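Line by line, the protein sequences are chains A and B.
Residue numbers for the first sequence follow this note's numbering, so the first one is 22 and each next one is one higher.
Residue numbers for the second sequence follow this note's numbering, so the first one is 22 and each next one is one higher.
Because the hints were derived from the structure by calculation, they are not lab data.
A hint or two may mislead.
Below, a list of computed lysine to any residue pairs in the SDA-like style, where the Cα atoms sit at most 25 Å apart [unchecked claim]:
(1) A/Lys328 - B/Gly303
(2) B/Lys205 - B/Gly327
(3) A/Lys328 - A/Pro111
(4) A/Lys375 - A/His230
(5) A/Lys328 - B/Leu452
(6) B/Lys33 - B/Gly300
(7) B/Lys337 - A/His176
(8) B/Lys53 - B/Lys33
(9) B/Lys33 - B/Pro108
(10) A/Lys337 - B/Ser250
(11) B/Lys268 - B/Asn299
(12) A/Lys337 - B/Tyr325
(13) B/Lys289 - B/Ser255
(14) B/Lys366 - A/Lys392
(15) B/Lys366 - B/Thr185
(16) A/Lys366 - B/Ala52
(17) B/Lys366 - A/Trp115
(18) A/Lys392 - A/Ile406
(19) B/Lys337 - A/Gly82
(20) B/Lys437 - A/Gly82
(21) B/Lys205 - B/Leu452
(22) A/Lys328 - A/Asn228
(23) A/Lys337 - B/Lys33
(24) A/Lys337 - B/Leu298
(25) B/Lys328 - A/Ile406
(26) A/Lys337 - B/Ser440
(27) B/Lys337 - A/Ile406
(28) A/Lys328 - B/Ala52
(29) B/Lys437 - A/His230
Please read all numbers here as calculations on a predicted model, not as lab measurements.
Number of protein chains: 2
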Amino acid sequence: MYESVTNFIDDKLDMSIESLKALCRIPSVAAKNEGLEVAAGLVEMMLQDAGLHTEIHPTSGAPVVTGWLDVGAKRTLLFYDHYDVQPAEPFDLWDSPPFDPEIRDGRLYGRGVADNKGDTVSRIWVLQAFKETRTDLPVNIKFVVEGEEEIGSVHLPEYTEKNTDFITADGGIWEFGGAGIDGKQEAWLGLKGILFVELEVEQLSRNMHSSTACILPSAASRLIWALDSLKDQSSRILIDGFYDDIKPLSQSELEAIKKIDMHEEQLKEVYGIEEYLNGLTGDDLKQAYYGDPTCNICGLTSGYQGKGSMTVLPAKASCKIDFRLVEGMHSDDIYRKLRTHLNNKGFGDVQIPKHDGYPAAKTPVDHPFVKLVERANQRIFGEMIIHPTSPGSGPLYLFNEHVPMVSIGCGDYESKAHSPNESIIIENFRLTMHRLVALIDEMSRW
Amino acid sequence: MYESVTNFIDDKLDMSIESLKALCRIPSVAAKNEGLEVAAGLVEMMLQDAGLHTEIHPTSGAPVVTGWLDVGAKRTLLFYDHYDVQPAEPFDLWDSPPFDPEIRDGRLYGRGVADNKGDTVSRIWVLQAFKETRTDLPVNIKFVVEGEEEIGSVHLPEYTEKNTDFITADGGIWEFGGAGIDGKQEAWLGLKGILFVELEVEQLSRNMHSSTACILPSAASRLIWALDSLKDQSSRILIDGFYDDIKPLSQSELEAIKKIDMHEEQLKEVYGIEEYLNGLTGDDLKQAYYGDPTCNICGLTSGYQGKGSMTVLPAKASCKIDFRLVEGMHSDDIYRKLRTHLNNKGFGDVQIPKHDGYPAAKTPVDHPFVKLVERANQRIFGEMIIHPTSPGSGPLYLFNEHVPMVSIGCGDYESKAHSPNESIIIENFRLTMHRLVALIDEMSRW
């Protein structure tokens, strides 16, 4: 089926790689608000070249690029991607320039090749292949490509809330995925939610000589006590009502994760641990991975942090915390519960500036679209590991009510997204295009 | 008495200031191991100019300069000073260059003018005045001037342990002191001890994406729990046996501190607090100030500390702690108790690198030498506030068995030792020289 399309993909692989390189040469770093308009423009051009109609939707932040092709088919397939990338720092850890992609030993290296410009280009290029080979597309296509994924998709709701019709489809492909540590392809059906806050304590007009600690309050100690009140030593979160609204993993999710190999022993070495949190193993480990919320300290800061000793009583102390939220939890609700908890524990003076916050979202493991993706994958790669959710977060909740989404992609276990020497295996890039052709085929027969 | 000496001091005040400026132009920062030999050489030259014999004692660190003049008198007066200074950073907060002293509105500004080059020079200059006016010195004189006071006098024991004869004297003047917030001269009879340690926790091979916090241990949380176990919310230190060996303030010390005005309300504004630690006031506040040990967090560090959000599970977390020790406590003992405490609480994996450590030391408030200093001060300045101890630390214990010491000096409440725009009042510099002449006179009649 669609042999001319897959032949075109194979024959013109160099062209698709060049197209990807061109997009990766734009340092579209959302955290720095750089290169976003240029990258959005190039994505729009690529979509147009592939025969799609396009529109640029301004937001208070980076614009959202949409593309669509309505062929009057029964089914509609939607893609969610992003043209922004993580900062490339530290530059000196890269073996080749992050924004000048280079091929070495069958891998393409550069910032964004895995997360997620590789996926973006591969998905557009499949449509290019249909167009160039004059093959009739059997499904309708929609693209939503945003530019602030790496900073929490802060302005994406401005687009999605006003365009629920556009983001309604029969099935959608989310932005990331690839091969796991054992080389098997993996699909992720959900994303956890997040609440990112800081805790700030201020006790003195300025840092004092630490000899005065005998009569003055300590901001650092106060932060310690506040943090200690949040989580016990078995990592149980002590905020009143924190777990109340959690929707536990469903029976079918529990069955699905039974099949998953966590590669426990192999990953212990990667993580550098003797054992997992609280000695978790087997099914318990899996259930924590897919089903547990977290209260994690991302950063702690107070006083003197240089070499050697400096005797100071710091005026301030602060920390950054991310709560990963699972199904049923709401970031505003958890924020209120955190505030109430600190007030009740006598920490009403602790300030809690809030950054991101949004809920979890999942596509059911037994959804027909999931089965369809599995079948398409089977035709190209073979077995696929189905994760009911990623432990990470993303704005899936904005789409989830309107379209069942599955996250697959061209990455692999060594892709180092967010790190120096980000890369993809070029052969995976090629085969994920084949898988997409198979997916379109499967979808046309749904 | 000694009018020719005090006249010389007044007439040649400019010369003594020039001498001080010259010493302050040497950026002898022990923390950077810079300018120490040069400063030691200049101090030796000054001592020789003032008619003293000198010797330079090498140590594994900065050399110790000694000077002496044995006039065959009954009493011997010893001075402890240091030629090193704190770093001057941040330079941009200085109104004039830290290492090029400048006079403005009756104050001399520069790094070290207060702590403690001003004292060092004033003390040597008094002997210069005796020599220049051919006035017989009625007491024997000894100087010990070290070069690592600002980094914990780490190598001073190499000198003091081998030279107990030299540091034996009838009375000694320690390195700091001056006028308090109300302008009254203050004397400090003791210094607390110190134990400076770090707590280090490492849990992972490298920082991980924080989504893995659901299955991986957190170094930051572990540090929080370890720290929380050390001190309760009333700042009571929970280490087993921590308070066991404390020698409480003596009856005469308690009587002495009753006379002291802590300027509670005025200092609240300076500190920016509504109330002192645990609501301490009055005698309780004083007893805490002079008699309490501390467990103070000087610094906390883990993970991401930049702007905004970054979702990371930090591999490491650490903090710096200084324990101020009061009479009876020993730093090695407290270190062992801290280690045992953490082991017993299940934190055997927490590393505790140790920096400084030494015990407290005090001269009794009713010692005749203290009375003598009070009388000398009375003749020049009037009333003197006697603090049984400073809440700060210093290596007084190295001298204390061999010589009763009192800390007085030319500083004042606005001197900003250790901070930008360090300064002294030139009139205080002059009058402390007069006080020293009075002290020598009093001592000759002891």
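Status of the hints after comparison with the structure:
1. A/Lys328 - B/Gly303: violated, 38 Å
2. B/Lys205 - B/Gly327: violated, 45 Å
3. A/Lys328 - A/Pro111: Roughly 22 Å separates the two Cα atoms, so the pair holds.
4. A/Lys375 - A/His230: At roughly 32 Å apart (the allowed maximum being 25 Å), A/His230 and A/Lys375 break the hint.
5. A/Lys328 - B/Leu452: Distance ~40 Å between A/Lys328 and B/Leu452 Cα, so the pair is violated.
6. B/Lys33 - B/Gly300: violated, 50 Å
7. B/Lys337 - A/His176: With Cα atoms ~34 Å apart, B/Lys337 and A/His176 exceed 25 Å; violated.
8. B/Lys53 - B/Lys33: Violated, at about 34 Å.
9. B/Lys33 - B/Pro108: violated, 31 Å
10. A/Lys337 - B/Ser250: holds, 21 Å
11. B/Lys268 - B/Asn299: holds, 22 Å
12. A/Lys337 - B/Tyr325: holds, 17 Å
13. B/Lys289 - B/Ser255: Holds - the C-alpha atoms of B/Ser255 and B/Lys289 are around 19 Å apart, at most 25 Å.
14. B/Lys366 - A/Lys392: violated, 51 Å
15. B/Lys366 - B/Thr185: At roughly 43 Å apart (the allowed maximum being 25 Å), B/Thr185 and B/Lys366 break the hint.
16. A/Lys366 - B/Ala52: violated, 42 Å
17. B/Lys366 - A/Trp115: Between B/Lys366 and A/Trp115 the Cα gap is close to 43 Å, so the pair fails against 25 Å, i.e. violated.
18. A/Lys392 - A/Ile406: Satisfied, since the Cα-Cα distance of roughly 12 Å is no more than 25 Å.
19. B/Lys337 - A/Gly82: violated, 35 Å
20. B/Lys437 - A/Gly82: Answer violated: B/Lys437 to A/Gly82 is near 47 Å, above 25 Å.
21. B/Lys205 - B/Leu452: holds, 13 Å
22. A/Lys328 - A/Asn228: holds, 18 Å
23. A/Lys337 - B/Lys33: violated, 47 Å
24. A/Lys337 - B/Leu298: Given pair A/Lys337, B/Leu298 holds - Cα atoms ~16 Å apart, limit 25 Å.
25. B/Lys328 - A/Ile406: Violated: B/Lys328 and A/Ile406 sit about 37 Å apart, past 25 Å.
26. A/Lys337 - B/Ser440: Given pair A/Lys337, B/Ser440 holds - Cα atoms ~18 Å apart, limit 25 Å.
27. B/Lys337 - A/Ile406: Outside the cut-off at roughly 32 Å; violated.
28. A/Lys328 - B/Ala52: Status holds; Cα separation ~10 Å.
29. B/Lys437 - A/His230: holds, 11 Å
Of the numbered hints stated above, those contradicted by the structure are hints 1, 2, 4, 5, 6, 7, 8, 9, 14, 15, 16, 17, 19, 20, 23, 25, 27, listed in ascending order.
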